[in-house]
Amino acid sequence: MKAFGHCFMGTTLLLLVLMYGNAFAISLDDEGTLEITGKIQSRISLRMSDSEGYTSPDTPVGHMVQQRNLAQIELNQLLLRQSQDTPEVKYHIKGRFLYEGVYDYGPDEYQETRENNPDVIDEFKKDEDLWECYLDYSKGPWFFRVGKQNLSWGETDVYQLMDRINPIDNTFGGAFEDLDDRRIPLWMMRGTYNFGNVGPVSSFTAEGFINPGWSGQEVAPLSPYGTPYAYPSSASSVLVRVHEPEETFQNSRMGIRLQGVLADNFNVSIAHYQTICDTPSAILTFDPTLTGYVAQDLTYETEQVTGATASFYESHIDAIVRAEAAWFWDEPVFIPEVNLPALFGVYETGKIPTTNMLRYMVGLDKSLWMRFINDTSMINCYFQYFAEYYPDYDDRQCLAVEDYSTGGFIEQKRYEQKVTLITSTTYMSGTLTPQIVFAYDPRGAMMYIPSIEKSFHPWIFKIAYYGIVGDEDVSVGILKDRQQLSMQATVVF
Amino acid sequence: MKRYRIIEMSCLAIVMVLFLATNGLAAKTEYIDKANWETLKDLMPENSLKWVKSGDMVVRYGTLDYDPAKVMPEWVLESKQENIGKYKLDKNKAIIEVATGKIPKFIKGIPFPDVKLTDPDGPAKVMWNTLYMRDAGGSLHNELEVKFMGRKTGYERSIWVDWYSKPYDAFEPARSEANPDDLEFASQIVVRSPFDMAGTAMMTWRYRNGKEDMLYGYVPAIRRVRRMTPAARSDALFGSDYSQDDASYGGYDGAINYFTWKFMGESEVIGAFVDTKTNLITQNKLGQWVLQMKGKDLPQWSYEKKREKNSAAPWFVDSAVWVKRPVWVIEGKPKDPYYNYGRQIMYIDKETNLGYWKVIYDRTGNYWKTLWYHWANGQDAGKAMNLNAMLITTIVDERANHATCQEGSKNYRANSPLNSNQFSLGGFTAVCK
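Protein chains in written order, with our numbering: chain V, 66 to 558; chain F, 1427 to 1859.
These aren't lab readings, by the way, just hints derived from the structure by calculation. Glycine included, every Cβ here is placed at the ideal spot set by N, Cα and C. Treat the hints with caution; some may be incorrect.
[What the hints assert, rightly or not] Okay, the calculated bits of chain V under chain F, using three or more residues with CB under 8 Å as the criterion:
1. 142-152
2. 361-367
[As the list claims (entries may be wrong)] Listing some non-contacts, in silico: residues in chain V with all C-beta distances to chain F over 10 Å:
3. Gly103
4. Leu111
5. Val185
6. Pro206
7. Trp218
8. Asn235
9. Gly291
10. Val305
11. Glu312
12. Leu355
13. Ala384
14. Met443
15. Thr496
16. Met511
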């Protein structure tokens, strides 16, 4: 019956799109204040490298690892237009419907994953959600958005730095999905107030948000064992318990940001907020009442972040310079001897060690004409240098990822660096977009993602290759056996 | 009896004179195509005349039933007297007061009503006038349909955008607005549709002192407001044949001192208008002046005729009326060696300071694109309020056999109640997705 429901919904949407036969939003009134818009998307990904190490199940080259079907429908309505006396009020509702078919008609290894764990996988493979739902209110210098929404602060692409307010869902496509598709909207209230010019600062704006913690917290979900985008790990031999934050006000996500423009050129902001770490902290709990005496406890911890950003136009190089730095207070880290003492023969419950940490980024955005490549559109280049630094580094620190070659855990360095480069342009009146993304870790690993997207409105087709080279114990290299080729078709309305 | 006959004859004569006079003022149009294209010789840029010769363009040539130089906002008409000799340009091509040598706090209407062909700063002054003509219309919220068309493919697709523009100069009611950042205007472009582009937005702050524009972009995929380089203003706008700098009343929307300007001379060309009559504007409850286009069946596009035999290229507006107007011919050359265009030739009305044509050459000097406008001059029923609306623009990329048209006839709303907060960083985030 549910399958019929999905089928009916999909068919209705498709008919709606074909009926209109174009890519426009469907306006429900003459003034265009009420409209329905959305997309239906299907994506197939094929694994392009043989499974190694702890990756499970074993997936040969060419096997399908993803057949994701996604529909998003938005309803937008402007309730009141702003005038000198009246506020502007509008709302936005987005429904999201997701179905992953690889467990039902994919390769045998993924059908077996479902058969081995049907309750979890049947729940995992589909999703029907009120994805976004918020009301906007603007009057004079005030702006409020109340409801289920995304909020992103900071200046970075590819890797998150200060952009850690919403949890990230890495379960259905991992790092190979667009960041925005992975953000999980939260019920929150956010408000901004424009102070105008204050001293040397123009457009001085204060912004605050709160996602109350007393009514349950949304956290970044974990990939079930045996699914294609789960991190490589051995199957747990002990009971695994996941602990979400307690429902108290103290566990709210909340924060404040001040931003403005200095000297008519320098955009600056400072921010402080509390969030919940996307990666739960793992400990082994020694409990004689349990079968086997030991359980693995995964706990989502809160974290305080203080940061600042700056960006400005540098006329000599005709580029935008971006910078961002954030201090992460008492970030949970992983020290096997402390988190998992039972592994070292110490039969007591592990603890979650914490330490302060600095992350920063310097970036350069440069658009340039390379007319021998493209004489109608600029080539856009976004370069970023990321670094992480632990001032109180413990040389036992590791990533909570098992190292297949040693049987231990992958080492966490005191300094970590990465360089990213995104380059793209458009051809054929903006309907053909080639892009290449590099993420390079100088310790010896690189991810590269060439892609090309062509639209025949309302249809959009995209093909992308996700390649990874380098050492498997270095950041992006951990996923080097997960290289994939993805093909995606989208229809928009 | 004889006396009555004389009175009768006199009345008849008066009626006849009035009849002739009114018929003389009434608009008359005729169609000019490849059969009689010579009529338009020297009245169009040469490359555009070729379209008439080839049948790609059929021109409805005629007159208007009003004088466009008189249908302008009252503060513009007043400034044509009040601003004579009042302003000049400094070395950065910023407008300064002749009396004080300082940038004025506010300029009403157009700054340079008395441009002379012999003035070396004359062409830059005319370009300033075109920017101020845009500002003189007041805060604008216009829903634009950006249409993509190919010569063979016809209509391809559309992008719908909301265009918000708030002037701090020229528009008399803006005189009382606080302008601490000394802006000439601020604008926002927000894509509403299709879904894959919806939410993409750009904001520009244009300074009055010649400083580089502040550009911000909002990319829904990263959900953040980003600074953008001013060089991006010559990049293709949403992949179209336009650049952001093309979108203004004179064919150039960048900072005046980014270009060197030269008079090529004075001339007469035909310019396009949406209708032979003024277009009715009415004020809604928000105080906006709304251009009433409903029920007029205008504009009529060639592509909608499905390429009938002898029809024009798909991007032409068949219903437009083309009128002979006196123009300045101005050449602009970018100082930035990386600017996408080479020289550009603008044809600007000497009386209204509105552009009719722009011919664009590439950096090697070869002809590339042509841009032209369709003007709608709005007037309320009492003829107390006038506005000049750049209702449709078309740009043809001759090499690509492709065109992009912007049509703003569906919801053109001038004097919109936009406050400065909308153009702040916080306000920009609020209009984004």
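Structure-based check of each hint:
Counting residues of the region 142-152 of chain V whose beta carbon lies closer than 8 Å to any beta carbon of chain F gives 4, which reaches the threshold of three, so the coverage claim holds. Figure legend: the region 361-367 of chain V, annotated as covered by chain F; annotation inconsistent (0 residues with Cβ-Cβ distances under 8 Å, at least 3 required). Distance check for Gly103 (chain V) against chain F: the nearest CB is about 6 Å away, which does not clear 10 Å, and the non-interface claim fails. Its beta-carbon lying about 24 Å from the closest one in chain F, Leu111 (chain V) satisfies the requirement of being farther than 10 Å from that chain.
The non-interface label for Val185 (chain V) is consistent with chain F: the shortest C-beta to C-beta separation is roughly 31 Å, beyond 10 Å. The Cβ of Pro206 (chain V) sits about 5 Å from the closest Cβ of chain F, inside the 10 Å cut-off, so the non-interface label is violated. The claim that Trp218 (chain V) is not at the interface with chain F is violated, since a C-beta of that chain comes within 10 Å of its own (minimum 8 Å). Distance check for Asn235 (chain V) against chain F: the nearest CB is about 17 Å away, which clears 10 Å, and the non-interface claim stands.
Look at Gly291 (chain V): its CB is around 31 Å from the nearest CB on chain F, clear of 10 Å, so calling it non-interface holds up. Separation of Val305 (chain V) from chain F is adequate, the least Cβ-Cβ distance of about 33 Å exceeding the 10 Å criterion. At roughly 27 Å, the least C-beta separation between Glu312 (chain V) and chain F is larger than 10 Å, which holds for a residue marked as non-interface. The claim that Leu355 (chain V) is not at the interface with chain F holds, since no C-beta of that chain comes within 10 Å of its own (minimum 43 Å).
Under the 10 Å C-beta cut-off, the non-interface status given to Ala384 (chain V) relative to chain F is violated; the minimum distance is some 6 Å. Separation of Met443 (chain V) from chain F is inadequate, the least Cβ-Cβ distance of about 4 Å not exceeding the 10 Å criterion. The Cβ of Thr496 (chain V) sits about 7 Å from the closest Cβ of chain F, inside the 10 Å cut-off, so the non-interface label is violated. Non-interface status of Met511 (chain V) relative to chain F is upheld: no Cβ of that chain comes within 10 Å, the nearest being about 22 Å off.
When each numbered hint is compared with the structure, violations occur for hints 2, 3, 6, 7, 13, 14 and 15.
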